[in-house]
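Please build the complete structure, drawing on both the sequences and the hints.
Line by line, the protein sequences are chains A and B. Last residue of the first sequence: number 272 in our numbering, and the count goes up by one each step with no gaps. Last residue of the second sequence: number 272 in our numbering, and the count goes up by one each step with no gaps.
Keep in mind the hints are simulated off the structure, nothing from the lab. Hints are not guaranteed to be accurate.
Unchecked claim - In silico SDA-like pairs for lysine to any residue, Cα to Cα no more than 20 Å straight-line:
hint, chain 1, residue 1, chain 2, residue 2
1, B, LYS250, A, ASP201
2, A, LYS250, A, LYS223
3, A, LYS250, B, SER219
4, A, LYS250, B, LYS61
5, B, LYS28, B, ASP66
6, A, LYS265, B, ILE267
7, B, LYS28, A, VAL162
8, B, LYS250, A, ARG240
9, B, LYS250, B, HIS216
10, A, LYS250, B, PRO109
11, A, LYS265, B, THR261
12, B, LYS223, B, GLU206
13, A, LYS265, B, SER219
14, A, LYS223, B, VAL222
15, B, LYS28, B, ASP86
16, B, LYS265, A, GLY268
17, B, LYS28, B, PRO109
18, A, LYS250, B, LEU212
19, B, LYS61, B, ALA81
20, B, LYS250, B, THR261
21, A, LYS250, B, PHE226
22, A, LYS250, A, THR187
23, B, LYS223, A, PHE226
24, B, LYS61, B, HIS36
25, B, LYS28, B, LYS223
26, B, LYS265, A, GLU218
27, B, LYS28, B, ILE108
28, A, LYS61, A, GLY94
29, A, LYS250, B, LEU242
30, A, LYS28, A, GLN90
31, A, LYS223, B, ILE267
32, B, LYS223, A, THR261
Protein chains: 2
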Amino acid sequence: MQADIKIVLVNTTHSGNIGGVARAMKNMGLADLVLVAPKSFPSDEASARAAGADDILSAATLVDSLQQAIAGCRLVFATSARERHIPWPIMDPREMAAVISTVDKDAGSGAVAIVFGREDRGLTNEELHLCQHHVCIPSVSGFSSLNIAAAVQVIAYEIRMASLTDVSAQAPQWGTSWDVPLAEQQELELMFEHFESTMVKTGFLDPENPRQFMTRLRRLIMRALPDKIEVNILRGMLTSITKTIGSTKK
Amino acid sequence: MQADIKIVLVNTTHSGNIGGVARAMKNMGLADLVLVAPKSFPSDEASARAAGADDILSAATLVDSLQQAIAGCRLVFATSARERHIPWPIMDPREMAAVISTVDKDAGSGAVAIVFGREDRGLTNEELHLCQHHVCIPSVSGFSSLNIAAAVQVIAYEIRMASLTDVSAQAPQWGTSWDVPLAEQQELELMFEHFESTMVKTGFLDPENPRQFMTRLRRLIMRALPDKIEVNILRGMLTSITKTIGSTKK
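Shown next, in the form of structure tokens:
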């Protein structure tokens, strides 16, 4: 899905930012960087900020105009922080990512471009009007301008999130593969009985007036969905309590 | 909703990154920056990269340890790129934002902290285990480490997106309004110390060979996000154990 997405930077002034953009792209699995008349490229600052994404920099395409950069693209988004005089269809980055993945599925592969403007004044109206959609990162009014590498990071992140969606629907419990199978219901019940009898022995639980102890303990432990080792640990702990009490009582 | 969210940076090395973080925060409406023993602060590089977010920098809190930074927090997220030996519940930034807004609605206001580690090697296992949940930005394996300002940008963006949308539909948590405020981080730590000392007394925990007991117990209890009454109950239970052992030993 992410095969054919170009990140296009127009007239970037600070070379370090180009490196920051390359790093953000590579972090999120994007590879195709197009530079429209950057002030300076290649540069040491760009390589330093790229922090290992040098392959993106060396594969970058240099062109003279935005028209050249997007000529073969089917879907072109301009990023913009400002409200324009003539309103343009605006999406947030999540909607943009959804459109990209839909179009990609529906219409086969083909280039998508996402265009980022100058650090100080963004894209001109003419440039904005070359693009089908405007994407706006919902920043705070009064301090709305993101660093360009930070903006690319957010956009690339949303594209990646969209590409992972199908996978994440089948994802297990806590977003990571767990090390141990979850405990079975019966194991939990035995553990709670063990808790109860032990707490009666320590005097914490008065069988005549149990109040809400077991209910709250259940709610706490069950909502964590304990695994088998965790249940064994808790039961080991309870056994050690009983033994200590027993042996000292002899 | 975003009133009380702390961004905590641990041992940041490059001053410019602190400025980049401040800018990203301000863009997204966050204001509370906590610096744990940064290499250098304040600095010209930080102010330059802040690009106008100087107010965030001058209001930043400096502390010596992560414990201090998160002591009063009810909900602590650690950002992490690495898979750990013992898996910890992992959320992506979107799930994190949904949890933050849900918990905030349900349990009244109180500080939330999101912790970011060192540029070169992230957070230590000890630091990670102080945090209830781990948040992982789904970067590409093999090039997974984001610039710290870029990572803050993504996290802050998701919090802002959640604040602008009704995320209650995706809210994973407990599907009901809660009865008791969640425990603060410091209360949890005191409880874990109490567990540890008690289990040494019962002989369950060998201080010379603790194995993974405390890590697994932490993981179990923290992923349930315990509330204040639950913590009190567990501590009452521990106190009753100590008393019983003490009295029978006399």
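Status of each hint after checking the structure:
With a C-alpha separation of about 29 Å, the suggested pairing of B/LYS250 with A/ASP201 is violated against the 20 Å cut-off. For the suggested pair A/LYS250 and A/LYS223, the alpha carbons sit about 25 Å apart, so the restraint of at most 20 Å is broken. About 24 Å separates the Cα atoms of A/LYS250 and B/SER219, which puts this hinted pair outside 20 Å; it is violated. Taking the CA atoms of A/LYS250 and B/LYS61, the gap is near 43 Å; set against the 20 Å cutoff, the hint is violated.
Only pairs whose Cα atoms come within 20 Å are accepted, and B/LYS28 paired with B/ASP66 is rejected, the gap being roughly 23 Å. A threshold of 20 Å between alpha carbons decides the hint, and for A/LYS265 with B/ILE267 the separation of about 10 Å falls inside it, so the pair holds. A threshold of 20 Å between alpha carbons decides the hint, and for B/LYS28 with A/VAL162 the separation of about 17 Å falls inside it, so the pair holds. At roughly 15 Å between alpha-carbon atoms, B/LYS250 and A/ARG240 fall within 20 Å of each other, so this suggested pair holds.
Proposed proximity of B/LYS250 and B/HIS216 is supported: the alpha carbons are some 15 Å apart, at most 20 Å. Restraint check: the Cα-Cα separation between A/LYS250 and B/PRO109 comes to about 14 Å, which is no more than 20 Å; the hinted pair holds. A C-alpha spacing of about 17 Å is found between A/LYS265 and B/THR261, which places the hinted pair at or below 20 Å, so the restraint holds. Taking the CA atoms of B/LYS223 and B/GLU206, the gap is near 26 Å; set against the 20 Å cutoff, the hint is violated.
Taking the CA atoms of A/LYS265 and B/SER219, the gap is near 17 Å; set against the 20 Å cutoff, the hint holds. A hinted pair counts as satisfied when its Cα atoms are at most 20 Å apart, and A/LYS223 with B/VAL222 qualifies at roughly 19 Å. Between B/LYS28 and B/ASP86 the CA atoms are separated by roughly 16 Å; this keeps the pair inside 20 Å, and the hint holds. With a C-alpha separation of about 14 Å, the suggested pairing of B/LYS265 with A/GLY268 holds against the 20 Å cut-off.
This hinted pair does not check out: B/LYS28 and B/PRO109 have alpha carbons roughly 25 Å apart, beyond 20 Å. Between the alpha carbons of A/LYS250 and B/LEU212 the distance comes to roughly 26 Å, so the proposed pair goes past 20 Å and is violated. Restraint check: the Cα-Cα separation between B/LYS61 and B/ALA81 comes to about 18 Å, which is no more than 20 Å; the hinted pair holds. At roughly 16 Å between alpha-carbon atoms, B/LYS250 and B/THR261 fall within 20 Å of each other, so this suggested pair holds.
For the given pair, A/LYS250 sits about 18 Å from B/PHE226 by alpha-carbon distance, which is consistent with the 20 Å threshold. The hinted pair formed by A/LYS250 and A/THR187 fails the criterion: a straight-line CA distance of about 30 Å is larger than 20 Å. For the given pair, B/LYS223 sits about 17 Å from A/PHE226 by alpha-carbon distance, which is consistent with the 20 Å threshold. Between B/LYS61 and B/HIS36, the direct Cα distance comes to roughly 7 Å. Compliance with the 20 Å bound is thereby established for this hinted pair.
Our distance criterion of 20 Å between C-alpha atoms is broken by B/LYS28 and B/LYS223, whose separation comes to about 38 Å. With a CA separation close to 17 Å, the supplied pair B/LYS265 and A/GLU218 stays within the 20 Å bound. About 27 Å separates the Cα atoms of B/LYS28 and B/ILE108, which puts this hinted pair outside 20 Å; it is violated. A C-alpha spacing of about 24 Å is found between A/LYS61 and A/GLY94, which places the hinted pair above 20 Å, so the restraint is violated.
Of the pairs offered as hints, the one joining A/LYS250 and B/LEU242 holds, with about 11 Å between alpha carbons and a cut-off of 20 Å not exceeded. This hinted pair checks out: A/LYS28 and A/GLN90 have alpha carbons roughly 13 Å apart, not beyond 20 Å. Restraint check for A/LYS223 and B/ILE267: satisfied, since their Cα atoms lie roughly 11 Å apart, inside the 20 Å limit. For the hint pairing B/LYS223 with A/THR261, the CA-to-CA distance comes to about 13 Å; that is within 20 Å, so the pair holds.
Of the numbered hints given earlier, the model fails hints 1, 2, 3, 4, 5, 12, 17, 18, 22, 25, 27 and 28; all others are met.
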